[in-house]
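Chemist: So the chains spell out like this:
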Amino acid sequence: MASDVMTKLDPKSKAAAKGFSDLTIRNLFIIPTIVFLIVFNIFPLLYSLGYSFTDFRASTNNPAKFVGLQNYRDLLSDPFIWKNFSITAKYVLISVTGQVVVGFGLAMLLNRTLPLKGLITTLLLLPMMLSMAVVGLFWKLLYDPNFGIINYFLGLGKFEWLADPDVALWAIAIVDIWMWAPFVMLLSLAGLSAVPKHLYEAAEIDRAGSLYTFFRITLPMVAPILMIAIIFRTMEAFKTFDLAYVLSSQPTTELIAIRLYKMAFQEWQTGMSSAFAYIVLIMVVAITNIYVKYLNKVKAR
Amino acid sequence: MADIALEGISKKFGPNTALRGVDIDIKDGEFFVLLGQTGAGKTTTLRVIAGLEKPDTGRVMIEGQDATNWNAAERDVALVLQQYSLYPRLTVRGNLEFPLKSKTQNFTPEEINERVERAAETLQITRLLDRKVERLSGGEMQRVSIGRAIVRNPRVFLMDEPLSALDANLRDVLRVELKKLHHDLGATFVFVTHDQVEAMSMGDKIGVMNKGKLVQVGTPDEIYSKPLNTFVARSVGTPPMNLLDGKLEGDVAVIEAGGHRLPVNEPTAKDGQAVCFGIRPEDVVIAPDAPAKGRVFDVENHGVIKILTIEAGGEHIHATVSAQMKIGIDDPVNFGWKPEKVLFFDPQTGLNLGLS
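Quick note, the sequences are listed as chains A and B, same order. Read in order, the letters of the first sequence are residues 1 to 301 in the working numbering. Read in order, the letters of the second sequence are residues 1 to 356 in the working numbering.
What the hints contain is simulated information worked out from the structure, not anything from laboratory work. You may find that some hints are simply not true.
Over the 12 Å line for every Cβ pair with chain A, so calculated as not near, a few chain B residues [unchecked claim]: (1) Ser10; (2) Val80; (3) Ala269.
Computed spacing ranges between beta-carbons, pair by pair [said to hold, decoys possible]: (4) A/Lys299 x B/Asp204: 21 to 31 Å; (5) B/Arg59 x A/Met129: 46 to 56 Å; (6) A/Leu123 x B/Glu74: 34 to 44 Å; (7) B/Ser10 x A/Arg112: 19 to 29 Å.
By construction, the Cβ of each residue, glycine as well, lies at the ideal position given by its N, Cα and C atoms.
I would like the entire structure built from these sequences, with the hints used as guidance.
Modeler: Here is the structure:
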C-alpha cells in the first residue's frame with residue numbers, strides 16, 4: 001500500500017527538494033524505504049501466500065507439499081475458528097463502543113471551560129502512551145481476586161474477573177477502553193472545537209433544547225472525525241493480541257490473533273496459519289473498504 | 001412585538017470594559033440602528049439584548065418586564081449574524097424549520113410547512129428550499145438566515161452587521177428588502193452596523209456608540225444636522241464634516257490655519273471664544289468671489305458629484321461640487337461656506353455649543 005503512494009509522488013517535484021537534488025532525495029529516503037518495505041513487508045506477504053497452499057511446517061525438515069485450497073477449506077469449515085471470529089467480533093463491538101462513548105463523553109466535558117483543563121487533558125492521555133504488555137500486566141494485578149484494588153473498591157470480595165469465562169472478555173475490553181478512550185477523546189475534541197460557537201448561539205436563540213442541539217448540530221459536525229477515530233480503533237481492536245494474551249488464557253477470550261499465534265508458533269502449522277492470516281487480511285480489507293465508502297458519503301453530505 | 005429598554009448596562013470582559021452605563025429606549029415597531037466603530041460595544045449591546053451576555057450592572061426591560069435574568073430562549077428574540085450561522089448539512093428547508101421543530105414548540109407539521117413557505121416567499125427563496133446550505137451564495141445564505149428569523153414571529157429582530165459580508169450591489173438590494181420587511185412585519189428591529197450609509201438610509205432612530213458609551217440617539221436627520229459632539233459629527237456623512245479650529249470675532253470666524261475670515265450667522269459661541277467650526281462638505285462653496293483662498297489637493301470624481309480636497313494653510317478641507325465643474329489638481333481656488341450651516345464645537349470637549 002505504502003509503496004504505491006511513494007511511487008506516485010513526482011520524483012521531479014521541486015518543493016520536495018529544497019537543498020537536495022532529486023537524485024539525493026531518491027537515494028537517501030526513497031530507495032531505503034522501498035528496500036525495507038520489500039524485504040520486510042512485500043516479500044513475507046507473497047511468501048506466506050505461497051505457504052498458504054502447502055502443508056509446510058517450519059518445525060520439521062520435511063519439504064513443503066502443495067495441497068491447493070485444502071488449508072482454506074479446512075479453516076473455513078472449522079467451527080472452532082468461527083468461534084474465534086465471533087469472540088473477536090464481540091470484543092471489537094464492546095471495546096470500540098465503550099471507547100467512543102467514554103472518549104466522546106470526556107471530549108464533551110473538556111470542551112467547556114474548566115480549571116486546569118490542560119493538565120487534565122494531559123493526564124487523560126497518559127494511558128495511550130503506555131506499552132500494551134505493561135498495561136496488561138498491571139491490570140492483571142488490579143483485577144487480582146486476592147489483593148486487587150478493583151475488587152476492594154467495588155466491594156466484590158473474591159470475584160475472579162479474568163478466570164470467569166463470561167466476564168474475562170469484558171474485563172479485557174475494559175482495559176482496552178481505559179487505554180484507548182483518550183484517543184477517541186483527542187480526535188473528538190478536535191472536532192468539537194471546530195464547531196463554530198455562533199451556531200450554538202443561533203440554536204439557543206432559536207429555542208432549541210440541548211438534546212436537539214446535540215443531535216442536530218454537534219453530532220453531524222463531529223461525525224466525520226469521529227468516524228475516523230472509529231475506523232482506527234476497529235482495526236486495532238480486530239488485531240488485538242498482546243493485551244488479551246497477557247491478561248487471560250480463557251477459551252472465551254481466544255481472539256483471532258491469539259489463535260493465529262498458537263497455530264503458527266505453538267502448533268507449527270505454518271501453511272495452515274498462513275492461509276488463516278490471509279483470510280483475516282481479506283476480511284479486514286473488506287470491512288475497511290465498506291467503512292471508508294460510508295465515511296466518504298458522510299463527508300460528502 | 002415589543003419595546004425594549006436598557007437601563008444603565010455595563011459589561012466587562014476581563015480587564016476590558018465593553019459597555020459603560022448604556023441606556024437605550026427602543027419603541028415598539030422601531031427600526032433602531034446602533035452605529036459605531038469596531039470595538040465600540042454595538043455587538044455587546046445586541047448580545048445583551050439577545051440574552052447571550054449577562055450585563056454586570058443594569059437592567060434589560062422587554063415589554064416593561066425585567067428580563068435581565070431571562071435566557072435567550074425566554075426572551076423570544078431572533079438574531080441574524082454577519083456570518084449567517086446556518087446549520088450545516090441541512091437543506092434550506094431544514095434550516096427554516098429548525099426553530100419550529102424543537103421540542104419546546106408545539107407546531108403541527110402543517111403549521112410548520114405553511115410558515116416556511118410563507119417566509120420563503122417573502123424572501124424569494126422558494127426555489128432554493130431543497131438545496132443544501134453549503135451550495136448557496138452569500139446573498140442567498142443571508143436571506144435564509146433572515147428567513148429563519150421571520151418564521152419564528154419573534155418579539156424583536158436583532159441583526160449584527162447582516163450585510164457586511166456581502167458585495168456592494170447585493171448590499172443595496174438587501175438593504176431595501178430589509179426595510180420593506182420591517183415595514184411589512186411592523187416588528188421591532190435592532191440593527192448593528194459600522195456603515196453610516198446603512199444607518200442613515202435604514203434607521204428610524206440611530207444610536208451612535210463610542211468606546212462603550214451611547215453618545216447620541218436621534219433620527220437620521222437629527223444625527224446629521226444636530227450632532228451632539230464632533231465624534232457624532234464625523235461618524236455620519238461622506239466625506240466627513242470638516243472641523244476647523246479658530247476663534248469667533250463677532251459675526252466672523254477666524255480660521256487658525258491660513259487666518260481666513262469667514263462670516264457666520266447667529267453664532268452660539270461667545271465673542272472672542274476659541275471654537276472648532278464644523279461645516280459639511282456640501283456646505284462649502286466654491287466661487288470666484290469667495291473670501292478664502294486655497295489650492296486643489298485632490299479631486300475624486302463620483303459621477304454625480306466631485307469631491308475636492310482643498311489645501312488651505314496646511315489644513316485639508318473637503319468640498320462636494322457638481323461633477324460638471326472643471327477643476328484640476330493644483331488649481332488655485334476661492335472658497336467660502338454657507339454661514340447658516342456652520343456648527344460650533346468646544347475645542348476641548350468637542351461638545352456642540354449650539355445644543356447645550
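Chemist: When the structure is checked against the list of hints, which entries are broken? Sort them ascending.
Modeler: Violated hints: 2, 4; rest satisfied.
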